[in-house]
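Going down the list, the sequences are from chains B and D. Its first residue numbered 1, the first sequence is counted upward by one per residue in the working numbering. Its first residue numbered 500, the second sequence is counted upward by one per residue in the working numbering.
Read the hints as simulated data drawn from the structure, not as lab findings. Just so it is clear, CB atoms sit at the ideal spot from N, CA and C, and this is done for glycine as well. Any given hint might turn out to be false.
What the hints assert, rightly or not - Ranges of calculated distance between the beta carbons of each label pair, as one might list FRET restraints: (1) Lys573(D) - Gly268(B): 51 to 59 Å; (2) Lys664(D) - Phe327(B): 23 to 31 Å; (3) Gly130(B) - Thr583(D): 54 to 62 Å.
Unchecked claim - To list a few chain B residues with every Cβ distance to chain D over 12 Å, as calculated: (4) Trp89; (5) Ile148; (6) Phe499.
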Amino acid sequence: MRMWAQSHLCQKPQRVSSVLAAAFALILLILSSHSASALPAFARKYGLRCSACHESWPALNNFGLKFRDNGYQLMNERDSPIWQNPGYWPVTFRITPIWHRLSSLNQVDTYTPGNLAPTGSVTQRISSSGFDLSGLDFHTGGTLEKNISFYVLPSSDPTGAFHFESVNARIDNIAGSPWLNIRLGRFELNNLLSEKRTLWLTGNGGIYQTYHFIPVGDGNIFGQMGDNQFGLEYMGHSVDDKTRVSAALLSSNDGNVNLITGANSYSGFFTFDQGFDTGKLGVQRVGAYAFVGEAATYYLTNSSGGTGAVPIPGSGIGNKGFSRVGFYGQFYLGPHFDLNVVTQHGEDNAYFGQGYGDAIATDGNGGATATCSNPANGPTCPFLNNTPGTTLPTGSRSPTWNGYTFEARYVYSPQLIFKAVYEAERMSQQATPGTASNLGNINNYSIGYRYNPFMTSRAGFAYFGEFNLFQDAVGPLNSSNKATYQNTSELLFGIDFDF
Amino acid sequence: MGMNPLATRFASADFGLRVLTMNSLKPMRFISAILFTAIPCTAILVLTFAAGFTARASAQDEPLVGPKPPVVVKPMVSHIGNITGHAADGKYDYRRYCAGCHGDYGDSNGENAVWLDPKPRDFTIATFKCRSTLTGTLPTDEDLFNTIGRGVTNSNMPIWNTFTKQERADLVAYIKIFSPRWEKEKAGTPITIPAEPPVTIESISHGQALFAKLECWKCHGTHGEGDGPSASTLTDSKDNPIRPYNFALGGNDSRFKCGSTNQDIYKIFMTGVDGTPMPSFADVIQPNDAWDLVHFLRTLQVHRHSKENEVLMAAHGVIPPYVDKNPPPAADTNKAPGGGQ
Numbered sequence: 001m002r003m004w005a006q007s008h009l010c011q012k013p014q015r016v017s018s019v020l021a022a023a024f025a026l027i028l029l030i031l032s033s034h035s036a037s038a039l040p041a042f043a044r045k046y047g048l049r050c051s052a053c054h055e056s057w058p059a060l061n062n063f064g065l066k067f068r069d070n071g072y073q074l075m076n077e078r079d080s081p082i083w084q085n086p087g088y089w090p091v092t093f094r095i096t097p098i099w100h101r102l103s104s105l106n107q108v109d110t111y112t113p114g115n116l117a118p119t120g121s122v123t124q125r126i127s128s129s130g131f132d133l134s135g136l137d138f139h140t141g142g143t144l145e146k147n148i149s150f151y152v153l154p155s156s157d158p159t160g161a162f163h164f165e166s167v168n169a170r171i172d173n174i175a176g177s178p179w180l181n182i183r184l185g186r187f188e189l190n191n192l193l194s195e196k197r198t199l200w201l202t203g204n205g206g207i208y209q210t211y212h213f214i215p216v217g218d219g220n221i222f223g224q225m226g227d228n229q230f231g232l233e234y235m236g237h238s239v240d241d242k243t244r245v246s247a248a249l250l251s252s253n254d255g256n257v258n259l260i261t262g263a264n265s266y267s268g269f270f271t272f273d274q275g276f277d278t279g280k281l282g283v284q285r286v287g288a289y290a291f292v293g294e295a296a297t298y299y300l301t302n303s304s305g306g307t308g309a310v311p312i313p314g315s316g317i318g319n320k321g322f323s324r325v326g327f328y329g330q331f332y333l334g335p336h337f338d339l340n341v342v343t344q345h346g347e348d349n350a351y352f353g354q355g356y357g358d359a360i361a362t363d364g365n366g367g368a369t370a371t372c373s374n375p376a377n378g379p380t381c382p383f384l385n386n387t388p389g390t391t392l393p394t395g396s397r398s399p400t401w402n403g404y405t406f407e408a409r410y411v412y413s414p415q416l417i418f419k420a421v422y423e424a425e426r427m428s429q430q431a432t433p434g435t436a437s438n439l440g441n442i443n444n445y446s447i448g449y450r451y452n453p454f455m456t457s458r459a460g461f462a463y464f465g466e467f468n469l470f471q472d473a474v475g476p477l478n479s480s481n482k483a484t485y486q487n488t489s490e491l492l493f494g495i496d497f498d499f
Numbered sequence: 500m501g502m503n504p505l506a507t508r509f510a511s512a513d514f515g516l517r518v519l520t521m522n523s524l525k526p527m528r529f530i531s532a533i534l535f536t537a538i539p540c541t542a543i544l545v546l547t548f549a550a551g552f553t554a555r556a557s558a559q560d561e562p563l564v565g566p567k568p569p570v571v572v573k574p575m576v577s578h579i580g581n582i583t584g585h586a587a588d589g590k591y592d593y594r595r596y597c598a599g600c601h602g603d604y605g606d607s608n609g610e611n612a613v614w615l616d617p618k619p620r621d622f623t624i625a626t627f628k629c630r631s632t633l634t635g636t637l638p639t640d641e642d643l644f645n646t647i648g649r650g651v652t653n654s655n656m657p658i659w660n661t662f663t664k665q666e667r668a669d670l671v672a673y674i675k676i677f678s679p680r681w682e683k684e685k686a687g688t689p690i691t692i693p694a695e696p697p698v699t700i701e702s703i704s705h706g707q708a709l710f711a712k713l714e715c716w717k718c719h720g721t722h723g724e725g726d727g728p729s730a731s732t733l734t735d736s737k738d739n740p741i742r743p744y745n746f747a748l749g750g751n752d753s754r755f756k757c758g759s760t761n762q763d764i765y766k767i768f769m770t771g772v773d774g775t776p777m778p779s780f781a782d783v784i785q786p787n788d789a790w791d792l793v794h795f796l797r798t799l800q801v802h803r804h805s806k807e808n809e810v811l812m813a814a815h816g817v818i819p820p821y822v823d824k825n826p827p828p829a830a831d832t833n834k835a836p837g838g839g840q
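Bound-form chain B, shown alone (with noise of 0.2 Å):
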């Protein structure tokens, strides 16, 4: 899900209007209040109700973060498939219909009168609103048999097109001891603040920026830890699951097939967490991560097709290296509150600052094509470095840059969630000696609620709304030569649920 492109602010009085108009929804909300929601296929399997795994679902509470680490069992004698009622189905369908507004600053072509060849063009801002719909996820997981397990999730963007987000197979509690468990295929790294169960919605808020900021101009795609990645992952944890660890092995490839990107290039994310008991606050987790590894910065190409030039799948060469490293920190001040805090230090080898590495084109509306006809298009276009003996411009340096998330979550009930998130991400070091200090920098905004109407094993239902402000420094030169932010916004409202 998410995907659903950038907007802006209201103008004044509709912004007052909006506000309080969602004020008001709020409060008839939860005096409407009677009785949260999960995997319907976990939940029906168990017995329980979404609220025991999740603090909010998707989000997981540490109930939930051991029921996934011991490989979605509850390490109990029915674990094994062969305890449930043959019509079991281990499936849950999750689509979210939604309306949303979108704001953001768009290049729009000018015209004089009588004259149809656009005459130039001006950056204006282009806000729209309207019905809308999410991607279709299959869940599938559960266990093969007792401490073999598994999850597929094939989902579809909102026109329908399907790729394979996650498929992976793990074999856990090796000789009958939690710290040994094995994972291999396509999975979400070990966050401890996960992206992909995240409580956001909206296109710059549903993703965490620090798990995928890249420089401007950067062409290193593989240290984004938000996407779901090839590889091979140990993990082990305490049998309460308040002592985590994880080691994986990763192809460089940022998880897309066939090897277009990547090859020969290996990647490491290893993880380290732990949990204290503090009485009626809670577990307070603390713990660090480093994701570090190389990646090709070369391809050889076939222009031989007339399509331009293409990557020649598992050709890349000319490794180079990065490194994504931090701290996690997940802070309870009682049932009712909580603070999720990532930070990082992130640094790509001066090649990927110069845009070497990236040989994954997208075809201007978001989606992978594995050519690019028009290289002078610019961002949409791959970053081709297919020159033998290519020399780094005088003075190229590693980029590197700081980034801090914030989320902050007020439980009401475990049915009404209201949530913020503020991030900011800032360049250290440019690539390019001259350019403007803060170009790339992003401050993100987030706020809103979720409210599950009834709490059940069965299904999950849960209205939302959310507003995102997301500001990029990659606007003009400003007097004292930074780059001035530019701000998309996003207001949506919907209905997700799963069944």
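Add chain D to chain B, keeping to what the hints say.
Chain D in isolation, oriented as in the chain B frame:
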């Protein structure tokens, strides 16, 4: 869910609306201002009222029509070591984690209960299976605390060991609000468990004889597989069918309903499993005899590595017939069937 977010990173370059300019939108500004406000407001209100109707509809599906009375949270407390649990603080976690099965009123009528086997505990009658106290008495706070953290094997009760100790203590206090017994009675006194004697083939042999004499086999079967002649007839105190424990299932991680250690087994048959046909044997077994029974029961767990099975293997897997070195003075003609099996 979760496509390549790079698309959003640079999405402002192409929004698919290049043919429109704001100039062409100007005449529509007044209308769009109304629409931009009215649409979300209308949508929210429709959804809100739909939520209310949905809730009312589900209420009508329930046998008791009308609003449910609120749960009155009595000021109950629990004491676990130096931790004091408060019922009021357990209310939130009970609703989130427990009420789906045990019910909002602790009466075992949560919405999942109908699908569960065995049925969840009914806290309103305050009868608990896992106790360190004699049968018929209330368990200690620590008994309930341990049950929450341990879970209950062969049931849907998970291992809730991700809570803090304080949260578990608060839950113990909270479940006390459902029965007046907690206000009228004190918890029973925990039984004393003597030190465990060494495992010998003789102790296993004696335990086997006790297993026969006490007619454990009638429910648990001669090999402890839960297939005794009475097994199919058993019901719990609410007339729900119940199965006796099958010792032979499971390996090294096998657990009993109320624990996994030898001390736990001792406690189970000395205090009984209240609410089930499993009686207390505290009045009929001496402590040392009870340990012998524990040693024999361990040998029924044939897939589990244990010192009892090591001793049995050393004896070539054969339990010798028990010879009572101190027979009672009167002639005992009450021979137990199944002995020696």
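Looking back at the numbered hints, which does the structure fail to meet, lowest number first? Of the numbered hints given earlier, the structure breaks none, since each of them holds.
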